[in-house]
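Hints in hand, dock the two standalone chains.
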Amino acid sequence: MTLDSPEIKRIIQERSLYMCLECGKCSASCPRMLTGKEYSPRLMAHKLMVEPEDEAFIEHSLWECLTCGLCEERCPSGVEYTQLMLELRIHLAQAKGLMGERAHDGALHSWMRMMTSPEMRQNRLEWITPELRVTDRGDTAFFTGCAPYFDIFFAGIEVDTLAIVKDSIRLLNFLDITPVVMGEERCCGHDLLWSGDQENFETLCRLNYQEFQAAGVKRVVVSCPECYQVLSGYMPQVIEGFDLEVILLMDLVGEQVRQGGVSFKPLARRVTFQDPCRLGRMADHVRQPRFLLEQIPRLTLGEMASHGRGSLCCGNSAFVNCDAYSKRIQVTRLKEAEATGADMLVTACPKCMIHLCCAMRDPHQGEPLAMEVCDLISLVAEHIQWAQSEKPLAASQ
Amino acid sequence: MSPGKASNPPREAVLLVGAGYGALKVAEDLSHAGIPVLWATRAAHFLELPDSVEPFEQWPADLNYQFRPLYLRVTRHRLVTPLTQARLESVSPHGAGYDVVVAQDPKYIDYDLCTGCGRCSEVCPLDQGEAPPLSRTPGYCPSRALQLDKRLISPCRQGCPLGVNAQAYLALTATGRFDEALEVIKRDNPLLGVCGRVCHHPCEAACRRGELDQPLAIRDIKRFLFDYAAQQGPPTLPRPAAARRDQRVAVVGSGPAGLCAAHYLNQAGLQVTVLEALDQAGGMLRAGINAFRLPRKVLDAEIQALVDSGVEIKTNRPVEDIEALLAQGYRAVLLTTGTHQDLRLNIPGEDLAGVEHCVTFLAGVNRSGQGKVGPRTVIIGGGNSAMDAARTALRLGAEQVTVLAIETEDQLPAHPEEVRQAREEGVVFRLGLAPVEFTGGPAVNGIRLRAAHWESSPGGPPRLVFDSEQIEDMAADCVIVSIGQRPHLARHGLDAQLTLGPGDRLAADDRGRTDRPGVFVAGDVVTGPSTVVDSMAGGRRAAYSIIEYLGDPAAGEHWYGLAARGVGDYPPIGEDVPQQPRQEMARRQPKVRRRDFDEVDLGLSQAQAQAEATRCLQCGVCCECQACESACADIGAINHFAVGRRHQLRAPAVIVADRAELPDGVELGGDNVFWVEADHYSADLMDVLMAGGSAAGQAMAPAASLRVESVEPAPAAAPAGDPSRLGFFLCACNQTMAPAETLQGILQRAAAVPEVAHCELIPSACHPDGADRVARALAEKNLGRAILASCACCPINFACISCNDQRTRVRRHLFDRRGLERSRFELCNLRDHINDGRLSQDQVMERAMDLLRAAFIRSRYLGPLRRGDTELGNRILILGGSDIGVSAARNLAVQGFKVRLVHRCAIAGEELPEAVAARPQARGLEKSIVQVDTPVEITGIKGNIGDFTVTAKAGGRGRRWKADLVCLTDENLIPLTIFAGRVGLKKFYRYDFAFFHTPRMGIYRVMPRTLQRVDAFRAGAALAGEVATAAAKAYLNDHQLSPVVDPLRCRGCGRCAEICPFDAAVLRENGDGTYTAEVLRHNCVGCGGCVGRCPVTAMDIPFFSNQVLMSMVAGRLSKER
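Those sequence lines, one after another, are chains E and C. Mapping the first sequence onto my numbering, position 347 (from 1) lands on 347, and the numbers just tick up by one. Mapping the second sequence onto my numbering, position 649 (from 1) lands on 649, and the numbers just tick up by one.
Next up, chain C with everything else stripped away, as it sits in the complex (with noise of 0.2 Å):
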C-alpha cells in the first residue's frame, strides 16, 4: 500500500528501512519536525513486526489497534512516503550521506482508490480456496483496500506461443463459469474450437501438475468449454468499434497464421481483407488436417465468426504482386502462405504410378473427400502429417499400413498421442528404415530399405547414416511419401519479390518483419512446417508490428510483458495435494473409427471437464481472469498490468529498523546510520518506541538541511452557499452499500425532506470523482450544508481508533483537496450499519432511515469548529546539565535551534543533589549553547508552550528566561511538572505513551527509567526528536473540537478543571468571588471530558451541541419522521 506520493518520491530524504513499531515512531518523529522520510518495507503493512522482534506478551492482542491512528497520521502525512512491499536494491556512500536504490513491487490494486468494498473478491474464482489471491490487510492496519497476490505467470501460459491464460479458464471452468472461461481464451485465442481439438498443447508439458501426477488435461477442457457453448449457438468474437477502419491491411492466406493475425488486425480497428488462393479459407487448416480429428463444422464456424466480427475473407484470389497490392491502398501486406509444397526423397522412383506425396494426398482428400490407396499403402515419414496420411489411407480402404521412418520410436515428431491412437486403428510402423528406391512400372509394387538412423552434427541439420549394406525388399501397391514441407512461392511469382531464406523460406525478424517496409510475413512461411499454434503466435506477433508500423507502438505491450508479470515464485506444491490421474476423453472404438472421417473423440463431459479443472494447482495464485476488473470498473482501482517501479534517493541519513530487510551482503556503514535497536528490544514496546525515538532525534542533525519550513498550502476556499439548501448524497461504496432499491428509496426518502434541495447517489465518496460531484452540485444547486452518507463518521481532521483510510480519503478529497468547509458537512457511517448480509432489505432501509433520521437533525445545527493557531519560537531551554540534557542541547543546536542549557538547577527551597552539584561543566559544546553553570534555584514556570518565563535565583540574583519549549533532564526537577492535588481523571491519565511530555504541554521531562531503556546519548537523542517536532512546526492548532464556555451558566465550580488531563480548563476569578471556567487553547485536545462533566451545561462543543445531543435523542424517540 503506498499512498499518492508514491508515484512522486522526494529526490532527497531520510531513507527508514523495516517496518514495526519503531518504525512508525521514527516516521512520526521525523515527518512532524519538518524532514521528508522515505518508507520502505518488504512487508505487506507497516505494523507487520520485524522477525526479529518478539510478541509482547504483556500487552493484549489487540494493542496494535490503538496504533491506528498514529499509523494513518503517519502514512498520509505529506513529508512520509510510505512504501510496501518494497525492498532496498543498493546502498552506497555519498559524501556524509548515502545513494539509495529501493525497488517496489508492482501495485496492482491503489491504495488511494480501493473503497475496500470487496465486490473484487467476490468476483474472483479463486476466493474460495486455500490462498486467495485477494487478501486484506490484517483488521487493525487502518485500511480496507485488498492486495492483489500475483506470483509469476503460471507456467501453462507461459509455454503457450499465445500466452492463453489457462491458469483463468481453469479457474473458472472449475467454478462452472464456462461463458467467462470462453472469453479468457477468446482474449487470445480466436481460434479456441480448433485449438481444443489439435493443438499440441505445449502448456500440458509446462504443467506443475505433471510433477505431482499428470498434467492437466488443458486442451480437452478448452473443447469442452467450445463445444458447451456450441450448444447454445455459434460462436462469436466481440466486433470492434471501428475506430481506424480508414487504415486498410491485406493478409494473403488464410492459414492458422493468417486467421489470427487477421483477428487482431480486426480488433485492433483496422480494416482486415484476407485473400485466399483456394475456393475455401482455413489454409493447412482445411488442407492438411482430417476431418476426424478436426470436424469441417468447428473449423467453418470459428471462419463464420472471424467474418462476422468484420474480418473480410475473400477466396480465389492468388496474389501475384505485393505492389500491386500496395498500390490499392492496402497500408500493409501480411504473407501467410504457408508451406504447400511436398519435399521429396529424390531416390530413384518417385515417380511411379501409386507414389504420392502427402500434402498433395492429403489436400485431395480433405478437399475433395477424393483420393485413392492401395491394399498395401507405405507412408514414409514419423511426422503428424505422416499419422494423419496413414489414418486417412485407413479410411480409404487400405487392407494394411505400414508407417515407415528412419527414427527410433522415441524421436518419432508425431505425437505420442497420434502414434498411439494409430496404432490402434490397426497402422503398423517399422521403425530405423530409410527408403533407398522405390520398385514396379508403371505403377510402384515395392520399396528397398536399408536400416539407417539421424545422426546429430552440430551447427547443421541431423545427417542419415545407414546402419547396414542389406537391402530389404517390401511390398507396396501405394507410397504416400510424407517427409515434410516448404513453401510453394514460384507458384504466384512472389518469390522474385522478396528476400528468401534458407529452404525457400521467407526472411523477417523475430516479429514478422521484413527488410520491406510496410510487408510482413508470419507462418510456416518463414519458419517451416510447425504446430498450429506456433503459427497462430506467428501471426499475432505480425499482426502487433503492423498495429505498431500504423502508428500504435503499445499495442503489444502486455502480451509480450507477459513472463516479466508477478512477483514471487509459485507456491509449493502442498503435501495434502493428494495424487489423483486426469481425466480422460470418450474415443470410438478403433474397428468403427476407421470406417469413416467421423470424429474419433467424444469430449469430456461437463462433470469431468470441472472434476479436471480442479486439480488445477493455481500456480500463479492469481490467475488473471481480470473478473475483478469488471466488478471494479467505476472505481478503476485494479491493473493487473501494473509494473514495478525503482526509486532513487539521496538520503543524509538511513535508519534500519529491521537489519534482516538490509540487502545481501551489504555492510552498512558511516556515521549516518541509526539502528532502531534497544537493548531489550523484545521486552517492552516502550523500548521499541523510545529505540525509535532516539534514532530519529540522532538523524534530524544530518538530516536538518533538508526540513521543510513551509506550511502545506490551503485550497482555495469553495463558495459558502445558502444555509438554508441542503444537500444530501448516498455513497454507494461501489454498488455495494445496499442493493440499488434500497438505495433508490432511501434517496427518494430524503428527498421528500423540505430542505433538501438536492439528492445524488455518488458512485464512492472515497474516490476522488465522488468528491468532485459532491463539490460540482454544492456549487451549483448553491448549497449551503450538506449530509454525506458514507462510511466515514465525522468531518473533523482528526483520526481516532476507528477511522482508517477510507474514511480520512473522503474528507481529505472534500475538505483539503475541493476546499470544502468541514463544519457544512454532516458525515453519517451508514456502511458499517447497513452493509450487513443479515439484513433483510426491510430492516436496512430501517436502521438507514434511524441513522439519516439523527444525520437530519443533525444537519440543522451544524456549528462553527474552532481554529486558531499558538505561534511557537525555536528557544529551548533546557534545565539540567545531566547527559541526557547535553546530548539534547547539542542535538538541537546541530538542528539550528537557539537552546539555552543550565547545568545545575534545584527546584527553590530544595537541596541540589550531590550528583549534580559535583557534575563537571561540559566542554567542545557547540558554540551557539547559551550556558548557564552557576547553581540555580528554580523559582517558577509560568505561561504555556511558546510563551514560558522560568524565574530563577542564581548566586542571589534574580533571572527570568524567556523559553518557547523547556526541558527538565534532572530527576530533581519533575515535580515542576506535576500540579499538587490532582485529582479525578488526571489521578488516571498515563503520559507513558507520550515520551517526554508532561501534563503541562511544551515542557518535557526525562523519566529515570528511560535510561535503563538507552543509553544517555541516545535518550538525549530521542528528546530533541521529541522537543523537534513541535519547535520545528513554529505553530500549533487549536484543537477543533475545543469546547466554549458560556459565562452566564458557568458555576465557577472547577469540575472541568478537575477532570482535564492536559490542564486546559482553568477558572478565572470575575471580581466578586465568582469565578468562569475558562479552555485554554494550546493545552485543549478536544476529548470533551469537560462538557459531560460539567454540572450546569455551561461548556459546549459548538459542532456537536448539547442542543444537537439532545435533539437528536428526542428525534429519535419521537420518530417524527
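Just chain E, same shape as in the assembly (with noise of 0.2 Å):
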C-alpha cells in the first residue's frame, strides 16, 4: 500500500494541507523541530501532497509529532494539523499496524486496551475518603480519569496526581454539590485516540456512557483537559443522541466567583503557569486559570517566555515518542519557569505534572531544575472559602 490512497488523500484535502503555502511557520514554532529533532511539520507536509512513495519518512514522522497544536496556531493558512496527524495515525494504525515507540513499554496503553473488557472490574472509589461527599446517583458526574493510576504508576518520580481529583470533589463539595463518582468507570480514552486506536477508543466512550446513563447523570464535570476534550469533543461523534454537558471545574467554580460570594486565603508566592495545550490552544482557556489565580491575594503570576496559546507543550502526548529530545524541550520549559522568577509551577493537567516531573528529576541538572509543582485545582481548594454570610448549608456542616 503507497501513501497516496484516496482515503489518505481525503484526510489531506478535509484538513486543507492543500492549503499549505509552504511558508514554514510550523517548522519554525515546532517545539520537536526546534530542539533538534530530525522532524519537520513542513517537510511532512510536503511528503504527504507531492512525495507520497517516501513511506518510511511520512510513517516515522507521524508518531514525531506532539499533538501540541502550535504549528496549527500559527499556520495562516487554516491547516488542521494536529486533527490531519490524528486522522493519519488511526488510518495508519488500523491499515498497517502502526502505533509508534510507545513509552513505558506500552503499559498505559495496555491498561486503555484492558479497560475495555466489559467484564472486568474497575473498584474506581477506594481512593475515596470520608470526608469527601459522593454519590452513586444524580444529575452531575464528576469524571476522575486516570490519576488514581498514575498515582502508583509515577510514585517513583513523586507525583501526587490522586491529590488532584480529591481536591475536584472537595471544591464541588465546597459548591455544594455532591457528584456521581462512578465506580466502573473507565479511562476516556484520550492516549489511545491519539495513538490511533480509534476501535477501542470507542468502545471506552461507550462503556463510559453506558455508566453515565445508568447514573442518570445529565451533567459531567471534569477537572482533566484531555478528558475534557474526549468528552466534549470526540465522545459526541461516537455516541449517537449524546447529550450530556459537559463542563470544566475551572469553569464552574469561575462562574461562582464570579457570581461573588466566595473570597480566597492569601498565598504570598509568586508562581507561573503551564497552559496544557487541550486547555490553552484547543479549548481557549487561556483566561480562566488566570482569572483564578488572580483571586488569590498576594499571589504574583509571572507569565514565561511562551504563555498562552503561544505556550510550549510538556514534551510529550499520549505516550508515545519520548525520547532525548521530549526531555530536552521539559528542561526548556523549566528552565523559562525558572526564568520567571516564580517558585512554584502551577499545572492545569496532570501529564504536564508527569513530564516536567519527571525532567526535574536530573542528575546532572539536579536542584536548578526543581521547582514545586501544583496543580491549579489544588490551589483553588486550598485557597477558596465563602464570605461568612454566603456559606451555603452543606458546607458548614
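These are computed hints drawn from the structure, not numbers from a lab. Do not rely on the hints blindly, as some may be mistaken.
Cβ-Cβ distance ranges computed for the label pairs, FRET-style [to be verified]:
#1 C:Val1113 <-> E:Thr300: 49 to 57 Å
#2 C:Gly1092 <-> E:Arg74: 39 to 47 Å
#3 E:Thr300 <-> C:Gly1092: 41 to 49 Å
#4 E:Gly36 <-> C:Lys781: 49 to 57 Å
#5 C:Gly1092 <-> E:Pro130: 46 to 54 Å
#6 E:Pro130 <-> C:Gln841: 52 to 60 Å
#7 C:Leu839 <-> E:Ser117: 50 to 58 Å
#8 C:Glu130 <-> E:Pro130: 40 to 48 Å
#9 E:Ser16 <-> C:Val1113: 39 to 47 Å
#10 C:Gly1092 <-> E:Glu303: 37 to 45 Å
#11 E:Gly24 <-> C:Gly1092: 41 to 49 Å
#12 C:Gly1092 <-> E:Ala339: 29 to 37 Å
#13 C:Thr742 <-> E:Glu131: 54 to 62 Å
Straight-line C-alpha distance at most 20 Å; calculated SDA-like pairs for lysine to any residue [to be verified]:
#14 E:Lys335 <-> C:Gly1073
#15 E:Lys37 <-> C:Met585
#16 E:Lys37 <-> C:Arg1049
#17 E:Lys37 <-> C:Asn1070
Predicted model, so just to flag it, every value in this text is computed and none were measured. Using N, Cα and C, we set each Cβ at its ideal position, and we do this for glycine too.
Okay, here's the thing in C-alpha cells:
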C-alpha cells in the first residue's frame, strides 16, 4: 500500500493541507524541530502532498508530532495539522498496524485496552476518603480520569495526581455539589485515540456513556483537559444522541467567583502557569486559569516566555515517542519557568505535571530544575472560602 | 555432603573447623582471596549452628534462606574442599603451621550425583518409621541431595555367622514386601528353608529387643517367608552369568558347608561340581536331622534350587584321591566331609547288642526309615543329636525314653527349645550321671551309673569328676550313645593326604586354606561338630578363599567388612516403645506328634509374621536392604559399601568456628590459630560475620604463600552449530519428573514444533551423563540452540536465592565442563511446576505445555550474555591511619600487596578531627608500606575500581595517587563514599551485609559501629581480608546480565541513574543538550532495576530482552501452540 490512497487524499483534503503556502512557520514553531529532533511539519506536509512514496519518512514522522497544535496556531492557511495527524494515525494504525514507540513499554496503553473489557471490574472508588461527599446517582457527575492509576504508576517520581481529583471533589462539595463518582468509570481513551487506536477508544466511550446513563447523569464535570477534550469533543462523535453537558471544573468555580460570595485565603508566592495544549489552544481556556489565580491575594503570576495560546508543550502527549528531545523541551520549559522568578509551577493537566516532574529529577541538572509543582485545582481548593454570610448549609457542616 | 573435590583434597590449605555463618564467611573470604581452604565439620550441613550460638531472635526464622547463594558459591568454589560429617582427628604443630588429620565419615550417597528425586525414600521400608534412614538437610540448605543414616550393623546381623541381614528382611516383612525380604535373605543364605527350621538362631540371642522384653522370632519369620514363597512355587536362586566357567572347582561333601560353598562359587561364575559319597545330597542335614524338624521336601527343594542355579551335584561319588581330582582339571578342591564317625564311651559293654551310636542310628532312620529301639531306651548325651535320637526313639515305639547326661540342666548343650519339646513328648531326663558300664549279654539290659560332673580345666577340655563311689543300676533294652562325632577321613583314605589336627580334624587357617595350594576345607571336618549355620559360614569363607585363589581378591570384601560398616551407635530404645511378647508358632500336640515323623512346628501366620517383624527396633537405622540402590540404579548415587576416608593436610593456619568440634583434650596453641568468636557472639548475625571476616583476614597473612593466582582454565568451546536447528531435551529426573507416558507426550508435542531438529529424554540433567548426552546431540545433530526442560531455571553463571545444588550442577556440567555456550540454552524449570502429586495427568500436561510454549518463544530470542572483565592491580590506598587502618595496611603488606598509608586525612574544606591530628605516627611498620604522615586534604576520588585517582592537597602542594582499591578507615572520610541527592531505591539499599563495601565499587570504609563488634586489630584484619578478595582476583567479571542502552530511544531522564544502588547507570552529555545513559561495566550487578524503570524502553538485556517478555506474554495469551 502506498500513501497516496484515496482515503489519505481525502484526509489531506478535509484538513486543508492543500492550502499550505509552504511558508515554514509550522517548522519554525515546532518544539520538536527546535530542540534538534529530525522532524519537520513543513517537510511532512510536503511529503504527504507530493512525495507519498516516501513511506519511511511519513510513517516515522507521523509519531514524532507532539499534537501540541502550536504549528496550527501559527499557520496562516488554516491547515488543521493536529487533526490531520490524528486521522492519519488512526488510518495507518488500522491499515498497517503502526503504533510508534510507546513510552513505558506500552503499559498505559495496555491498561486502557484492558478496560475495554465489559467484564473487568474497575473498583474505582477505593481512594474516596470519608470526608469526600459523593453519590452513585444524580444529575451531576465528576469524571475522575486516570489520576488514581498515575498515582501508582508514577510514584517513583513522586507525583501525587490523586490529590488533584480529591481536591476536585472537595471543591465540588464546597460548591454544595455532591457529584456522582462512578465505580465502573473507565479511562476516557484520550491516549488510545491520539495513538491511533480508534476501535478501542470508541469502546471506552460507549462503556463510559452507559455508566453515565445508568447513574442518571445529565451534567459531567471534569478537571483534566484531556478528559474534557474527549468528553466534549470526541465522545459526541461516537455516541449517537449524546446529550450530556460537559463542563470544566475551573469554569464552574470561575462562575461562582464571578457571582460573588467566595473569597480566597492569601498566598504570598510568585507562581507561573503551564498552559496545557488541550486547555489553552484547543479549548481556548487561556483566561480562566489566570482569572482564578488572580483571585488569590498576594499571589503574583510570572508568565513564561511562551504562554497562553503560544505556550510550549510539556514534551509529550499520549505516551508515544518520548525521547531525549522530549526531555530537552521539558528542560527548556523548566528553565523558562525558572526565569520567571517563580518558586511554584502551577499546572492544569496531570500529564503536564508528570512530564515536567520527570524532567526535574535530573541527576545532572540537579537542583536548578527542581521547583514545587501544584495543580491549579489543588491551589484553588486550598485557598477558596465562603464569605461568612454566603456559606451554604452543607458546606458549614 | 562433600562435592567432588573431597575425593582429591589439597595437601596444603587453611583448615577451617566447624559450621555456621561465621565459618561460611571465613570460607568465602579465603577462597575469594585465592587461598585454598579445607572446611571440615561434624555437622550434616554447613549452616548447622554451633551449640554455643543462640538463635538470632531479631532475625526472621527464614534468615538461613538468604544464605543459599553464598552457600552454593562457597561450597562449589574450586579452592574450597567442604567436608561434612568429618571430624578433626589430630592437630600437631609443624613449623609455624600444623599437621592435621581429618577423618571423613563414609558418604553412602554421592552428593555430586544425587538428583534429589527422592525415589530412594519412596522405596525405603523404613520411610514411615520414627527415624527414617533417608533424610534431607533443612530446606534452606541449597541441595536436595539425601543423606543416609547408617549406624553400626545391627546386632542380629553381626550375630549371624553368615551375616544374614535380619534387620532388612524384618523391615521388609513388616511392610508386607515378602518377595524382597526373601531376596535379602538369599544374598547371604542359599538354604533359608533349612535355616528357617533348624538354625540355632544366634541372631535372636543378640537381639536388643531382649533387653526390653523378648528377642524377635527371627528364625520363625524366615521360615514364614520360605513357606510363603513355597506356596507360589519351588524356591529359586539366581543363575549367575557364566563368566568364569572355564575354571572348575570340586566340592567334596554336600552338607551345609559344601552346599553353601558351592553356591558362592557358582555365584562367582565358577563351574562347581559337588561330589557326594552317599546316594543323596545333604550330608548331615539329611543324615543327622529328623524329618519332624526338617521335612525332606524342604531340603530336597533347596538342593534342587542349587542345582537349577548351576551347581552340579554328583552322588555316589566317594573321593579317595585329591591329587587325582586336581589332575582331572579342577582348579581347586574343597573338602567338607563332615564328622560321620561316632565317638565312643570306651566303657565295658559298649559292643553289646542293643547299644547303638547316634549318627549310625539317626542316619539309618533318616535315610532308610529303619531303626529298632527297645521299650526302655536310654540316650546317653545332652546335645541336640541326643534330643533328636530321643525323640526319634519315641516315634519308633519306645515306651520310655530316658536321656542320661553328666551336665546339669543349665549346662545341657542342646538348645533349650529342643529340650522342652523332648520333655513335652515324654522324654525323661536324668542328669548328673555318667555311665560306667553296660550290663547284659548278648543284649544289653542295663547301665551302671555314677554321679558325676564336668570340671573345667584351664587350657584343656573339661574333666570328668565322679562325685561318689555309689553305683546305680538302671534297666535298659536299648542304648543310643550320643556323645559326639569326629571326621571319618580314614574311610576313604583321605587322612594320609592332608595334615590332620586334633581329633582327626583337618588343619586349616580361619579361612579354610590348607597348607596345600588349591586345597581348601570347611565345615565340621575342620571345626568338629557344630551348627548348620556355622558350617555354612565356614563353607562361604572357604568359597571366598577359593575365588581369591583363582584371581579375584575382592570377592568377600563386603562380607568380611560387615562389622566395620556404619557410623555411630544404635539409637537408644525409646521409652515409649511398649513391651510386647513375641509371637509363637502353632505346634502339634505332643501326644499326637510323637506318633509319626511329620513336622512338629506349624509356622507363623502372615499376620503373626508381620506383627512380629514390626517389633523390630531397627537398630542400625538403615537396614541396608538396598532397595534404594535399585531405585537409584540409573544415577548410581547410592553406595552402601562406601568407606570413610582420612585426609592429611599441612595447614599454615587453623581457624576454629566451633570449639566443640576440636578433638577431646586438644589444646590448640601458636600464632596461627584463629577463632571465629566475637565478644557478643550471639547478639547479632553481624558480629558473627565480622568475627569470621577477621579470622579469615588474619589467616591470610600466614597463608599468603598458598595463594593461587591462576585463573580456572576454561574448557575448549564446543562448536556453535546451526542456530536454525533447535534441540529439545527433557530431564526425567530419574523417572520422577512425570509419568513416562506424560513425558512421551511432551516429547511428541515438542517434536512437532517445526524448528525442533532433535528431541531427547535425558535420565537426569544434573548427572554428568545428562550433560554428556546433550553435548553429544548438539555436536552430532549440528544444533545451534537448545531447550533443556529440567529443574534448572536459567543458564546464567549466578546463584540466586532459589538456586540449588542440582540446578548449579546442570550448568556446571553443560557449560563449565563441556564448554557449551550458555546463551544458546533456554533452561526451563519444569520440575517444580509439574512434579506435584496433587495434579492429574491432564493438568500436568497442560502446565508443561504452558511453560514449554514460553520456552519455545524464548528460545527464538536468545541473545548474547555480556562478557568482559576489568583488570585490577594490587595498589591499595589506605586513607586514615587509625588502628584499623594500620592493622589492615600491615596485613595487606604481609600478603604482598602494594600499600600506601595516608595517616591524617580530612575532606577538603573540613577540619582535621582532633583525635586524628593528635595521632602519633605508627612505628615499626613493614618497610614495603609507603607512608604519608603530613596532614592531607582529600579533594576528590575519581575513576572506578581498578583505576582510581585520589587528588589531595598536602602542605600546600597538590598530590595525585593512583590506586586500584581505596580504603577509608577514619569516620570523617565516610561522606566521600556517598553521592549527594540519593533518591529512589538508593535510599533503601543497605550495605550492612557487605562489610566495608560502599556504594562505590572498589572503595571500602569502616563504619564506627565496627569497633563495637571487634577490636581494632581484628577489624583491620577483616578489612584486609575483604580488600584481598578483590585485589587477589586481579580481574572483575562483567555481570552477564548487564543491560545495554539504545541511544536512539534513551530519553536521558536519569531514572536509571536514580534507581541504581551501585551507581552503575550514569548519564553522558551528547553535546547538544541531550543526555544518554551508560552502564558502567564494573559497577553493574545485573539486577535489571534500571531496565524496569526506564520509561522509554531504551535499556535492555539482550539475553532476556523486553521483546522476549512481550512475546512470551503474547504467546501465553494467544495460545498459538
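To see whether the hints hold, each was checked on the structure:
Range check, Val1113 (chain C) to Thr300 (chain E): Cβ separation about 51 Å, and the 49 to 57 Å hint holds. Our hint of 39 to 47 Å for Gly1092 (chain C) and Arg74 (chain E) holds, since their Cβ atoms are close to 40 Å apart. Taking the beta carbon of each, Thr300 (chain E) and Gly1092 (chain C) are about 42 Å apart, inside 41 to 49 Å as hinted. For Gly36 (chain E) and Lys781 (chain C), the Cβ-Cβ distance of about 52 Å falls inside the hinted range of 49 to 57 Å, so the restraint holds.
Remark: the range hint 46 to 54 Å for Gly1092 (chain C) to Pro130 (chain E) is contradicted by a beta-carbon distance near 36 Å. Taking 52 to 60 Å as the suggested C-beta distance range, the pair Pro130 (chain E) and Gln841 (chain C) conforms, at roughly 53 Å. Evaluation of the 50 to 58 Å hint for Leu839 (chain C) and Ser117 (chain E) yields a failure: the beta carbon distance comes to about 30 Å. Distance hint check for Glu130 (chain C) and Pro130 (chain E): the Cβ-Cβ separation is about 59 Å, which falls outside the suggested range of 40 to 48 Å.
In this structure, Ser16 (chain E) and Val1113 (chain C) meet the distance hint of 39 to 47 Å, their C-beta atoms being roughly 43 Å apart. With their beta carbons about 39 Å apart, Gly1092 (chain C) and Glu303 (chain E) fall inside the hinted range of 37 to 45 Å. With their beta carbons about 42 Å apart, Gly24 (chain E) and Gly1092 (chain C) fall inside the hinted range of 41 to 49 Å. The supplied range of 29 to 37 Å is met by Gly1092 (chain C) and Ala339 (chain E), whose beta-carbon atoms lie about 35 Å from each other.
Taking 54 to 62 Å as the suggested C-beta distance range, the pair Thr742 (chain C) and Glu131 (chain E) conforms, at roughly 59 Å. Only pairs whose Cα atoms come within 20 Å are accepted, and Lys335 (chain E) paired with Gly1073 (chain C) is accepted, the gap being roughly 13 Å. Proposed proximity of Lys37 (chain E) and Met585 (chain C) is contradicted: the alpha carbons are some 101 Å apart, above 20 Å. Between Lys37 (chain E) and Arg1049 (chain C) the alpha-carbon distance is near 12 Å, which keeps this suggested pair within the 20 Å criterion.
Restraint check for Lys37 (chain E) and Asn1070 (chain C): the C-alpha separation of about 13 Å stays at or below 20 Å, so the hint holds.
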